[in-house]
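Protein sequence lines correspond, in order, to chains U and X.
Sequential numbering from 13 applies to the first sequence in this note's numbering.
Sequential numbering from 4 applies to the second sequence in this note's numbering.
Do not rely on the hints blindly, as some may be mistaken.
[Unchecked claim] Label-pair restraints from in silico Cβ distances:
#1 X/79 to U/74: 25 to 35 Å
#2 X/79 to U/97: 49 to 59 Å
#3 X/18 to U/50: 20 to 30 Å
#4 U/74 to X/22: 23 to 33 Å
In short, the hints are calculated from the structure, not lab data.
Glycine included, C-beta positions come from ideal geometry on N, C-alpha and C.
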Amino acid sequence: MRTFLERHPHLALLVASLFVQLLLLAYQIKTENEIRLLRVWAVTLLTPIEKVADFVVDGTGTIWNRYIALYNVERENQVLRAELEQAQLRLHALEARAAEADQLAALLALKQNRPQEPLLAAEVIGSSAAATSHTVFINRGQGDGLRRNMVVLTPAGIVGKITQTFPGSAQVLLITDRTSGVGAMLASSRVQGVVKGTGTWQCRLDYVAVEENVPVGSLVLTSGQDQLFPKGFPIGTISSARRGQYFHEIVVTPTARLSQLEYVFVYAGAPEGAARPAEGNGRN
Amino acid sequence: MARETRTELYRFSPLVFLAVVFVAFFLQAYVPFYVPAASLLDLPRLVVIYFALSRRNPTTGLTLGLVVGVAQDALTHHPIGQYGMAKTLVGFAASWVAIRLETEQPVARLLLVFGFFLLHQVIFGGVEWLLLGQPAALLNLQMLEAALVTALLGVLVFRLLDRFRRPA
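Okay, chain X solo, but in the shape it has when bound (with noise of 0.2 Å):
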């Protein structure tokens, strides 16, 4: 007997959505203030992956990403397009493994957050090395714990945010 994979789309409300990002924000600009290890950490990220693997629409999730991202660029003293590009592919990535794998399982939340996260940083370091001829520490250990951090805390903060989601 073939075993069905129930994928089931989820919708959010436009106010949790912006207040989300917002707050996502909001805390990456914020508690690096007072607690600078967590500069390693991105939000922003995060949510952008959260909100692609729940929508498990491409055009959505990359959407996010690029205004997720270009917003990022434009609180940072980056290019703009530099974080846009990254958040535009981790988004549509998301969205689209999201339609034919389940991602509701935290241990597959857990991998999923430390994949993407990674995929952005090479992304990310990818532009800055070839498009803007910077020296980029693609992948080193450092970034390993931080991608780990976030996937940890990425299940704890996926779990708190299904609770203003609802079906599609």
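In isolation and in its complexed conformation, chain U is listed as follows (with noise of 0.2 Å):
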């Protein structure tokens, strides 16, 4: 043995190395236990050279990207500006394109869901040239049939009725407008009376009598005692209510959002003969 290793001491030494690694293996193995001290030492040694590098690598990136490869950046920074206002107004139109498919999306759910209604599809191309006048024009005619005191809706509610028709087109009074009624009454307690237009964005309902309870946000539907619109169909929400000697002064908010009409209904179920003015307004 002595003289093995005398003469062979470089191949003792590797075999006593791998013998030792081998019992170390056998050891790990066999108790699943990890010579934890060996790789802490090697990784805390490790470790912060890593950090410093690291350091060194971002510090000098972002030196050179922030402060000295800026020769680019004033044209790509016009390229991105430009391509912003470009993405800018695609969004607009996209989202005016959105919000146009949600009205035709309720138009058509309306006209589903009243398939045995007359109900004519109608664009708003045009709106009164006066403050005082709550009007609009829509691109029906006396061609697609339409005629006077005709009744114009959208899915959130009554828009008003047709006063004039032309070849191609037709005005419409809004049922805001000082002299506009609509024969009404309350969702909740089918009591009745008229809604008034005011001149503003905002109805007034009359001939409530005090007695009457009036509760605020309660739904204002169409009678159909005006023999003009017809029975049912959404008006407005009450906005507020106050007791006046004989009857309540309430104040009714349309449901059809009447300031930026796009899209309408013609009610063509109305002829002109048949059609009555609503009640208290001889001028309907």
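Both chains are given apart, each in its own frame, so use the hints to dock them into the complex.
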């Protein structure tokens, strides 16, 4: 044995090294223990260097990118700004189209919910030339069979009625116009009254006796008593109610967004001859 | 006339030795973080082979392999001794070969690094398979590619490290 060690010291050292490591491996496998101390030393030794290197590399990259390699930044900035403006324009266009699609979908739903009723879709193409006149123009007219006093509505609620027809268009008097009146009733209590325009974007509900309960927020529907507006369509909701001497003074906010109309339906079921002005307003 | 084979011994400053080992570990741990393909290279293995070939002393070679291998084990999830045994054997074998062969020529270095890379792989995989009972890919195409790339890199790195050595 001693002779072997003297003759082959390198080989003996190799065998010893491998044997020790083999024992170490066997110990780790048998006990499932790690030689943690060695790992801690090794990692502790290397980690600070890695952190410093990381700091140096990151710092160099930051300095290079932010302060040195700026020769293309101005041009890139211009390109990005142009792209941003284009994107904003596209976004606005898409938002408008989405809103339009929502309105059309609502109109379609209304049409599908009332298949038996003669609803004719129309687009609002203009509004009144005077602030005192709450009227709009639609792109349907005599050629489409429209006649005076036909009711105009949206899925949200009624809009008004046709006052003038032309070959390719028609004028619609909104329910908010001072000359407008609609037979109405409270959805909850079925108490009846008349919704009249005020010349603002709100209406008032007249002829509701002070004995009646009028909760704010209640829905007001068409009553059909005027024989013009079909019964059961939403007109608006009660914004405020104040007791008067004999009647409540009730303010109604139309459920249809009358100041932002784009698409409407014409209820083509009320012929001109059969139409009768709404209660209390001979000029309807 | 018999041709004389000149096998010169070289020495390294301990600082150079430590610095090279340290840099090898550092690059091995750091570069794959940014270049994942670099994980195929084994710079500590390259360092062991280089110093073992240059020192031409099996004891130095195996000791170096042992230290570097165990350190590498400590920095990985492998049990201590897996890399250690492989590098111990490679360090010993490289020194043993360097005593008998001319190892200064680039082609010789290329072939030696290629061979020792694969030898290391076989030992490492063998330990994994035989002693740890885990499936091991001993040799495959990826290993051969890694061996070739490491060998090519080794020729360049060896050339660079030659500048820091001096005849013993």
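Practice task
Just pull the numbers of the violated hints for me, sorted ascending.
Solution key: none
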